[in-house]
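Could you put the whole structure together from the sequences, leaning on the hints where they help?
If you're matching them up, the sequences are chains A, B, C and D in order. Mapping of the first sequence onto my numbering: residues 1142 to 1223, in sequence order. Mapping of the second sequence onto my numbering: residues 1142 to 1223, in sequence order. Mapping of the third sequence onto my numbering: residues 591 to 746, in sequence order. Mapping of the fourth sequence onto my numbering: residues 591 to 746, in sequence order.
Simulated from the structure, these hints should not be mistaken for lab results. The model shown is predicted, which means the values in this text are computed figures rather than measured ones. Fair warning: there could be bad hints in the mix.
Unchecked claim - Quick list of simulated restraints, FRET-style, between CB atoms:
1. B:Gly1167 <-> D:Ala601: 35 to 45 Å
2. D:Gly606 <-> B:Glu1153: 29 to 39 Å
3. C:Tyr611 <-> D:Gln632: 21 to 31 Å
4. B:Val1160 <-> D:Pro645: 13 to 23 Å
All residues carry an ideal CB built from backbone N, CA and C; glycine is no exception.
Each chain, letter by letter, is given below.
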Amino acid sequence: MIKVLFFAVLRERLGTSEVVVQDFHGSTVADLIQHLQQRSPKWQQELASQDVLAAVNQQLVSHAHVVEAGSEVAFFPPVTGG
Amino acid sequence: MIKVLFFAVLRERLGTSEVVVQDFHGSTVADLIQHLQQRSPKWQQELASQDVLAAVNQQLVSHAHVVEAGSEVAFFPPVTGG
Amino acid sequence: MQDVKIHVQEANFDVGDEYRYLADDAKFGAVVTFTGLVRELQSGNLTAMTLEHYPAMTEKALTAIVSEAQERWPLGRVTVIHRVGRLTLNEQIVFVGVASAHRNAAFAAAEFIMDFLKTRAPFWKKEHTNDGEYWVAAKTTDDQAAARWQLQAKKD
Amino acid sequence: MQDVKIHVQEANFDVGDEYRYLADDAKFGAVVTFTGLVRELQSGNLTAMTLEHYPAMTEKALTAIVSEAQERWPLGRVTVIHRVGRLTLNEQIVFVGVASAHRNAAFAAAEFIMDFLKTRAPFWKKEHTNDGEYWVAAKTTDDQAAARWQLQAKKD
Chain A
1142 MIKVLFFAVL RERLGTSEVV VQDFHGSTVA DLIQHLQQRS PKWQQELASQ
1192 DVLAAVNQQL VSHAHVVEAG SEVAFFPPVT GG
Chain B
1142 MIKVLFFAVL RERLGTSEVV VQDFHGSTVA DLIQHLQQRS PKWQQELASQ
1192 DVLAAVNQQL VSHAHVVEAG SEVAFFPPVT GG
Chain C
591 MQDVKIHVQE ANFDVGDEYR YLADDAKFGA VVTFTGLVRE LQSGNLTAMT
641 LEHYPAMTEK ALTAIVSEAQ ERWPLGRVTV IHRVGRLTLN EQIVFVGVAS
691 AHRNAAFAAA EFIMDFLKTR APFWKKEHTN DGEYWVAAKT TDDQAAARWQ
741 LQAKKD
Chain D
591 MQDVKIHVQE ANFDVGDEYR YLADDAKFGA VVTFTGLVRE LQSGNLTAMT
641 LEHYPAMTEK ALTAIVSEAQ ERWPLGRVTV IHRVGRLTLN EQIVFVGVAS
691 AHRNAAFAAA EFIMDFLKTR APFWKKEHTN DGEYWVAAKT TDDQAAARWQ
741 LQAKKD
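So, in structure tokens, the structure goes:
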């Protein structure tokens, strides 16, 4: 099981802040993105950008990072604080 | 006539904060230093350092700067404010 | 981390109070502060902004940035405050304050923390204007500002 | 110079008040402040220090430094306060504050002003210790800090 969170414009466009993925058999963040993109054309489109940032267990990682079962994975647009 | 001011350790070592030079026939700050150095061996020594900074009319200048009659010339050690 | 204060909060902060805390440690003679405020857009019709964040990650990310600064420069107290929620025009958004025995270290560390906060800490701004609401786009200048620290040897 | 406040004074200053003045101009979203304080010597026996200056020149020199910063970066309000006279341990000596629309300009300008204040403004410190009085020697690191600005193109 993987908990997936979305923030900011990505949260608004997908219409959800959190989904739980039970059936993920891939390995990396990129695989998880591909898995989520199968949900609908909208998900396909919104998660397609190379600009989507990923954090695994609250740490920024590259899309090549391996996702262990039980992880919290967050996807969000480039940050704009400060 | 040239008004000459001294600050900080230079003021203390020369024992004066201000002298008026009436008979200066040189041209540059370096000439004025040489002129002042003739006053005594102490003045010779205290004004000998290349580190002595000069301001003419309250502007930092090089020792090659030309000194006009009526100027205020100040000599002081490297600054240590802040 | 000792002497590191990191707050993510809706409440405002007082720069005078934050300065006093930083200056209170008598070993460090240089204190640099940065404060960022909500300002008018070029278009002139900003009414407010909302700061969203990723609560579980925010303090971790800020702590990691401050730790990296502490590895690069000898620092005393360090404070980072970032507000979240709804902020109106001229309100304070962010505060970074650094004490050090060396002024150039204090300047460099404060700027480093801001540059990485802007590119690595999970905050997002939405602007509310008379024409609607817009998520702020990330600036490539912020990426460039953060990237230049990678190029610098840890020589400061 | 409009929006430039330069004070050379015996009185103390309040960083919170100075910050508020800088932040009060609603056009500029970034405010950087630097404060320098009297700290203990390595030898640990400082009792006080005296700041001497060249009154006719001091404000001129500081104004020239601020003008140079304004030519390099787009700045809002700028404040420079330098105290003179006798100061005891932990007292504030100097304040530099800069407002700008751009945070990197605010940081750079504040550091630039401090670097040149340290090498071009006519102030001299004498330390009073249990062992006697000593004029502080100028630091070559201060000269180096000022010199690096000459090497930088005005690209910021």
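Cross-check of the supplied hints:
no.: 1; hint: B:Gly1167 <-> D:Ala601: 35 to 45 Å; in the structure: holds, 42 Å
no.: 2; hint: D:Gly606 <-> B:Glu1153: 29 to 39 Å; in the structure: holds, 38 Å
no.: 3; hint: C:Tyr611 <-> D:Gln632: 21 to 31 Å; in the structure: holds, 25 Å
no.: 4; hint: B:Val1160 <-> D:Pro645: 13 to 23 Å; in the structure: holds, 18 Å
In the structure shown, no violation is registered for any of the earlier numbered hints.
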